[in-house]
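Could you fit the two chains together into a complex? Lean on the hints.
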Amino acid sequence: MTRHLELKTAVMNKKSEDQTEAPLRNVPRTKISATHVDVFYGEKQALMDVNLDINEREVTALIGPSGCGKSTFLRCLNRMNDVIDICRVKGDILLDDRNIYDRAIDVVQLRALVGMVFQKPNPFPKSIYENVAYGPRIHGLASTGEELDEIVMSSLGRAGLLNEVKDRLNEPGTGLSGGQQQRLCIARAIAVSPEVILMDEPCSALDPIATARIEELIDELRANFTIVIVTHSMQQAARVSQRTAFFHLGNLVEVGDTEQIFTNPSDKRTQDYITGRFG
Amino acid sequence: MANPSEHIVKSYDEELKQLNTLINRMGGVVETQLDGAIQAVLRRDPEMAERIVKGDGQVDEMEQEVGALVIRLLALRQPMAVDLRHIVSSLKIAADLERFGDHAKSIAKRAIAISQVPRIPAPGLDRMARMVQAMIKDVLDAYIEGDTNKAIRVWRRDAEVDQLYNSLFRELLTYMMEDPRNITGCTHLLFIAKNVERMGDHATNIAETVHYQVKGTQLPDDRPKGDDPSFAIADHNG
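Top line first, the protein sequences correspond to chains A and B. According to my numbering, the first sequence holds residues 1 to 279 in order. According to my numbering, the second sequence holds residues 1 to 238 in order.
For the record, the hints were derived by calculation from the structure and aren't laboratory data. There may be inaccurate statements among the hints.
[Claimed, not checked] Computed list of chain A residues with no C-beta within reach of chain B, every gap over 10 Å:
{"hint": "1", "residue": "Arg88"}
{"hint": "2", "residue": "Asn170"}
{"hint": "3", "residue": "Ala205"}
{"hint": "4", "residue": "Ala238"}
{"hint": "5", "residue": "Arg277"}
[To be verified] Derived, one-sided and incomplete: chain A residues facing chain B with beta-carbon distance under 8 Å:
{"hint": "6", "residue": "His232"}
{"hint": "7", "residue": "Met234"}
{"hint": "8", "residue": "Phe262"}
{"hint": "9", "residue": "Pro265"}
{"hint": "10", "residue": "Gln271"}
{"hint": "11", "residue": "Asp272"}
{"hint": "12", "residue": "Ile274"}
{"hint": "13", "residue": "Thr275"}
C-beta: ideal position from N, C-alpha, C; glycine also.
Bound-form chain B, shown alone (with noise of 0.2 Å):
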């Protein structure tokens, strides 16, 4: 942690400790989700994506501990100063888990009815969903080590997430234009990118969480932003 040294009751350490390895737990949980989620629809796996809207569960559990566990740390230690905000950080970071795992088992909802569709190629989702990967990863290492440059570094990253969902809206559009009948795989591919896309705002909220949670201030609010795809105009002529 931002603060290497011990307290005098030593229980506090422990709970703290616990606080970390649950939230660690739940960010390598929503990882495996995501990932599942994505080879789901690529590989037209409904088995697969069975096991990852099942497994959605599992993170709502965790979530829940982490708010009990902050609950007792909050009535019977009374935090102060950076223990204080590690413990509300934990918190926050908890809720973004657990709507970055939503979107998981969204996304894994969709894989079972895009299996049932013609295959449409889209390869910026893979990388797109690897991105994000890394971002929430990274910023769990960030969360862990209180390492705000880390932190900061994923924060500028999700620019190039939303560059690469607008690349692939682009795309899509093209495809359902060329034939109709792309439009139904494509809408959920549409959405599923949307998922992803979302998956990489929590990464930065957690990023700006780590933030206050180590500085005790607030990131700016001009973060850096890829164009907002509802601007994107199709050429139908084209």
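The shape of chain A in the complex, shown without the other chains (with noise of 0.2 Å):
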């Protein structure tokens, strides 16, 4: 009897607790910070000053026109842009305070932890199981087969892939179908237990149907990873992101949750161009 009431009353008081918790709960954490991120490829300054926070655990859309420098930023985010020569990247980024352009950082392991997928899939013309298997395998995540196997099978159960291919693993991934290839390179890049992935534009090449379930993906994914998307259609940012941000001529004009950046935008040049009216 006393025992029951002590668990009564520490379930009490742990709702107590909640309740006091739960504004704070609302506030999303920042993942990303950037701060006056500028973008040189040789003399042409493709980003100016880019301030923008990504919270984590949400879906973050990068939106504009072609050139505005949205890819450009998305690449910043794991130092894809250290592989061109000329792509020179001032200002701080920092991923939980820690700032990834840091030398001390080791660049294969910032990819693991951010990673991405692009545009046109991209599978290693390699086996299913080897796509997915390989980023555990050279980073060391797994000691024995079945923890590999483990990995594997949870990674494209977690992509919405595995009913799809449990039957033929071993059958090379380039044969599967353009969602389907889409969906192995996202459980490839969720095999190495990123926090970050990045997307860009990851339906572009695909049907609607695939393209849904994609757009379905990523909003489960969002219960687990912070998510970056750069995507041309304005519809799909709409969909699936919790905040937008509208990159124009370099610029970070705007950036606000989704739902007011497209009923009610506070800049001209963002009501413009969702609006479709950029000449």
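Have a look at this one:
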């Protein structure tokens, strides 16, 4: 009886704690914080003083006309721009308060932490299994074959692909349909347990059904990952993201809750772009 | 419109313009309906009243036309931001105008009944109707021009309509107390006045919609209001 009472009190206490914490939980934590980011390709400046916070476990969509700098910004977040010789990045990008452009940062580790999915599905010319197993293997995430199997299966499962491929894991990944290949690439990205997933127009090469499946997947993934997506489809940005950032001519024009951006943007350039008025 | 620049796709602009034209025409029709209904009351003209009652079908058809165009725009254009607000607002405005038309029809029906009973002077009614007519005209101008200040002025003006309604209510009460034979006519007039008062409310609804359409934010709740007539106390000894 006493025990029962204690338990009950404990539950009630917990409840009141929950209530006091509730407003705090609604405030998302900043996962990535970019401040005063300038990017140059040789002489040409592609990004001008971009300041943008990416919230943890949310989908942030980057939109804007071609050449506005949205992909350039996305590629800064896992230092993909390093591979372009003439590209210089200035400013600070903090991932959980660590500057990713710090000399001490191992870029390979960084890219495991900040995974990427590209516009065109690009599976390795290997089996479905090997496509997913490759990352965990080189990062030493599995010590036994069973562990590796476990990672591959759960990654395929989380990418919503397992049921379609479980009987043909040894067939080449390139033999899958476009939408399946893209989900394979997502499985490959999440196999190394990243915290952030960058997506550069992940659906632009897919049909509407495959697109819908990827969008559904993005929505599921955001429970565990921070997602940044570049998209040319404003409807897609509206459907999948919680926050939207609009870029134009290398400037971050406006960032806000997706609903606000698409119903009542504050900047005229945003308004003109999303309503189809840009000349 | 509030946003003067044009869409890259020109047919989109044409469809939005068509929406404005439809709403504007609908506004013109209900204005005429109100005017005709009130004239039928004041002139005791049952034939004119009949025409107004029949004319309401046109308003209903126009509302359906707006509805069809809005569905089409939503489905085919996937409007965003100011366009989305414009299109959704037009649908709401059409609904308000349709109700506005219904009230004109109710007034016209009572005009037929009232022409059979002794005449009761109700000078406030004509004024009230003119005021509401001006409100609906101005608020539709505000819609077409995207002029929130104009919309807010209409929104404020409704308090005057309420006040006129209240004084008319008291006046009619006095007539009824003076002579019970006035009760039938006065009751009809009271309902007519109530219809006009409700029309003023629809005009303020439209003003609120126009504000949302242009600014993307709601007007505050505390619209200035006249007295609530249901609390007006008739002095039986007076």
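Against the structure, the hints come out as follows:
1. Arg88: About 35 Å separates arginine 88 (chain A) from the closest Cβ of chain B, which puts it past 10 Å; holds.
2. Asn170: Non-interface label stands for asparagine 170 (chain A): nearest chain B Cβ at 43 Å, farther than 10 Å.
3. Ala205: About 21 Å separates alanine 205 (chain A) from the closest Cβ of chain B, which puts it past 10 Å; holds.
4. Ala238: violated (8 Å)
5. Arg277: violated (5 Å)
6. His232: Since chain B brings no Cβ nearer than about 14 Å to histidine 232 (chain A), farther than 8 Å, the hint is violated.
7. Met234: Where the cut-off is 8 Å and the nearest Cβ of chain B is about 7 Å from methionine 234 (chain A), the hint holds.
8. Phe262: holds (5 Å)
9. Pro265: holds (5 Å)
10. Gln271: holds (5 Å)
11. Asp272: Status holds, d = 6 Å.
12. Ile274: holds (4 Å)
13. Thr275: holds (5 Å)
Checked against the numbered hints given earlier, this structure breaks hints 4, 5, 6; the rest are met.
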